[in-house]
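Q: One-letter residues, chain by chain:
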Amino acid sequence: MNWQAFWLTVRLAAIVSTLLIAIGIPIAYWLAYSRWRWKFLVEAAVSLPIVLPPTVLGFYVLVALGSRSPLGRWWALYTGHTLAFTFEGLVIGSLLYSLPFSVQPLVSSFGAVEPTLLGASASLGHSPLQTFRRIVLPLSKAGLITGFSLSFAHTLGEFGVVLMVGGNIPGVTRTLSIDIYDQVEAANYSSANRTALVLLVISFVVLSIVYGANRRPWGVGPWR
Amino acid sequence: MAVKIVIPARQAAPSAIEPVPISADLEVRIRKRFPNPAGSFNLNVHFRALAGFTILFGPSGAGKTTMLDCIAGLTDPDEGRITIGGEVLYDSDKSRDVPAWKRHIGYVHQDLALFPHLTADENVGYGLRALRASERRKRSAEILAAFRIDHLRDRRPAQISGGERQRVALARALVTEPRALLLDESLAALDRPTKLALVDDLRKWNQNHRVPILFVTHSGEEVYALGDEIVMLVAGRIVAQGRPHEVMHAPRVATVAHLSGFENIFDVTVVALNESRGTMTCRLANAEVELETPLVRAEIGSHLRVGIRAGDLLLATENPRGLSARNILPGTIRRLVQRDVIVAALVTCGGTGFEVHLTLASRDALQLCPGQSVWVVAKTHSCHLLSV
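Keeping their order, the protein sequence lines are chains S and D.
Residues in the first sequence are numbered from 1 upward in steps of one, following the working numbering.
Residues in the second sequence are numbered from 1 upward in steps of one, following the working numbering.
Read the hints as simulated data drawn from the structure, not as lab findings.
Glycine included, C-beta positions come from ideal geometry on N, C-alpha and C.
A few of these clues could be false.
These stretches of chain D come out as covered by chain S in the derived footprint (C-beta under 8 Å, 3 or more residues) [to be verified]:
#, stretch
1, 63–77
2, 96–110
3, 115–121
4, 126–135
5, 272–282
Isolated chain S (complex conformation) (with noise of 0.2 Å):
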């Protein structure tokens, strides 16, 4: 078990997951209160990560962040160093890659908020954010649990962007996934296979945390 790739991958999906519900809870609350008429084609590109092979995804995000690009311009101008290949570059294209699997559950679970009481909390004096903040955010807890949960659970497990953001540095990018490839590589089956089992299990936890949240309508609470 290499337990160097371990912890670098639980701090980047811890870190990623964290990110994206800050990322994602503006661009859900977007998606589930307009009604612009072309709403549907951002929609299409919040998902697009989920059918895009991961090498197409990882392709574009290595272009976007290499010396070329005015992003990688600006963090070398800024850093001295490039994006790519390096921890960072790892965690935008994470954020990337796990995009729709924290913004669809939040969407969904702020869309299920009943009309009904952000009419009575705005004919109580409350803004549209303070209606959000108060009553659509407490009661989308478990969408809030499942978006970090899966992006949490897809980040610990991605393969493809990783290989071609980070390639395969040992501390900086070498992820499980990646450790496991190259165990195989080796022909050391038996270390793959501890480090596979972690993963499954990590990853049956997560799901089982997700479906736990959503059992019942508004909680995950001790009142119910």
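Go by the hints and put chain D onto chain S.
A: For chain D alone, kept in the frame of chain S given last:
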């Protein structure tokens, strides 16, 4: 149609909730196309509600809820103008549209819309965000006590009964001291005693506040219990407006659903008006039979329709005397038909057939049989007038 405002002789002791100094009336003129299962209607209304109860009465789908949503600012009319106490909330000509959360109008939705994750106390305190925590707690405790729900303060909506939820929803809307109160069939689900008690609480509250209260219902009973003023809405239009006894006693527009409640429907001609007694006499078409009915706004010679429920009619085997009922018509039983536990007696009186529903026991006790002479008895108020 001004509403006389009766100031109660004995004002309630001044409470910490200071009365709103000016009573502001609500003026609504809106036009909106709204979807309806039976096709789309144009909601097109113009009325003014003064302080006190104004009942919005009409069948479901008439546009009552859509209108309340427009007043609360939850949906926009296609055009129109909504003002309260002179302040313009919405004006399509001037592109003015105050957002719902700045309108300060209390709205109790049909499903109450209590926040499921908050306790009764937190629900009630929700609209008092602008106040300091201590003040908020004080106000919330006062209104919970006034509505006799202070023992439920730490419970969530799912843990309290329907009647208690209604109280919480009302208290939550009232504690913010809104400029107007919209109640959308908020009491419909309650049993009668609970409903009357709540109405009483509302009346007490409004003695101090004097705001317009728009109360939507499709129950005629609630109209009499509450109404200072009534606006009758059918298919998006106001068809009648005034004091309850005036509006409710106008000949009703007969819809299919309405007609189906009457087994006996007769076309009649008004022959005499007894305004001092509140009654009038109508002659049945193609018959010599006359009926005394409640007075409605009609002229002598006008054609109306009278509906009488078969269960409201009595049969007597001898000419009854000393009865309060004013319509006693001699006739002959043509047929007796048993339907489950009800006996339908078909009786002809002066050339017109009446259907009378009896119990099996009455049939047996009176030993009724076809061909027998009987008297059909109908109270004046069992005769419901419908417009043709």
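Q: All hints, please: hold or fail.
A: So, going through the hints one by one against the coordinates:
no., hint, verdict
1, 63–77, "holds (count 4)"
2, 96–110, "holds (count 10)"
3, 115–121, "holds (count 3)"
4, 126–135, "holds (count 4)"
5, 272–282, "violated (count 0)"
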